[in-house]
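Protein chains in written order, with the working numbering: chain A, 14 to 126; chain B, 859 to 974.
Think of the hints as simulated: they come from the structure by calculation, not from any bench. All C-beta atoms in this analysis are idealised placements derived from N, C-alpha and C, irrespective of residue type, glycine included. Wrong hints could be hidden among the right ones.
[What the hints assert, rightly or not] Calculated from the model, a selection of chain A residues having no Cβ within reach of chain B, i.e. all distances over 10 Å:
id : residue
1  : L24
2  : E28
3  : T31
4  : N35
5  : S37
6  : E39
7  : T41
8  : L47
9  : E68
10 : K70
11 : L74
12 : S75
13 : T115
14 : T123
[To be verified] To give an idea of the chain A side of the interface with chain B (calculated C-beta under 8 Å), a few residues:
id : residue
15 : G66
16 : K69
17 : L114
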Amino acid sequence: EDKVVQSPLSLVVHEGDTVTLNCSYEVTNFRSLLWYKQEKKAPTFLFMLTSSGIEKKSGRLSSILDKKELFSILNITATQTGDSAIYLCAVEPGGTSYGKLTFGQGTILTVHP
Amino acid sequence: SAVISQKPSRDICQRGTSLTIQCQVDSQVTMMFWYRQQPGQSLTLIATANQGSEATYESGFVIDKFPISRPNLTFSTLTVSNMSPEDSSIYLCSVEGGTANTGELFFGEGSRLTVL
């Protein structure tokens, strides 16, 4: 059974801090790892990673995948209060299982002014 | 990007009743996915709905409890049958995102059900 474990489960920081969120996974047949941000109800897509060692970047957010160690990190630099959310990591298996994601339990990030 | 509308956004239901959640997408999509998020938990895939065929359910979910319809390429419904308090969750509809055949999903705003 595919499994995704995120750490820490929650994190409280102040504006301007840099945070690193962790995601480790076990999957029978790996296709991709994805990061989502969930602020109220609907998760919104951040990154999809398929290749090891290649950093994806969008503004203050970046993510990298280590397929050997079955691990990914999501970095947020110069955090803002608007970054407060649940960050979800998910893995997508290979084969024809498109969209059938296994999610981690999420990291609750709280950014104080 | 796809715009996904779900109805109802929230409801309070009595034990033993059934509720149907609707999901409307503003573009044609091959596959639609129904996820559940129980309080304090992450998302769990219930089933995949393809137009013109029966839904494919994940382990732990059965058609009698969660019947799904997919009458066309822009619409799907999920019914939660014979509800109990354990069914109190957010139910989310999702579709593939900008790149076909990837895990990049767009999610609806979700339907928060509370079962008393």
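A cut-off of 10 Å on Cβ-Cβ distance, and S75/A was said to be off the interface with chain B. Does that hold? At about 17 Å from chain B, S75/A clears the 10 Å cut-off, so the statement holds.
Find the nearest Cβ of chain B to the Cβ of L24/A and say whether that gap is larger than 10 Å. holds, 16 Å
Far enough from chain B: is every CB of that chain over 10 Å from the CB of S37/A? Its Cβ never comes within 10 Å of chain B, the nearest being 14 Å, so this holds.
Run the C-beta distances from T41/A to all of chain B and say if the shortest one exceeds 10 Å. The claim stands: T41/A keeps its Cβ more than 10 Å from every Cβ of chain B (closest is about 14 Å).
For the restraint on G66/A, tell me whether the closest CB of chain B is nearer than 8 Å. violated, 20 Å
Beyond 10 Å from every Cβ of chain B: is that where the Cβ of L74/A lies? Non-interface label on L74/A holds, nearest chain B Cβ at 16 Å vs cutoff 10 Å.
Given as non-interface: T31/A, which should sit over 10 Å from chain B by C-beta: T31/A is indeed farther than 10 Å from all Cβ atoms of chain B, at 25 Å.
Using Cβ atoms and 10 Å as the threshold, tell me whether L47/A really stays out of contact range of chain B. violated, 5 Å
With d taken as the least Cβ-Cβ distance between K70/A and chain B, does d exceed 10 Å? holds, 17 Å
Holds or violated: is there a CB of chain B closer than 8 Å to the CB of K69/A? violated, 12 Å
When you look at the beta carbon of T115/A, is every beta carbon of chain B farther off than 10 Å? violated, 8 Å
Going by Cβ atoms, does N35/A stay more than 10 Å from chain B at every point? Consistent with the label, N35/A stays out of reach of chain B, its closest Cβ about 15 Å off (over 10 Å).
The structure fails hints 8, 13, 15, 16 (numbered hints given earlier, in ascending order).
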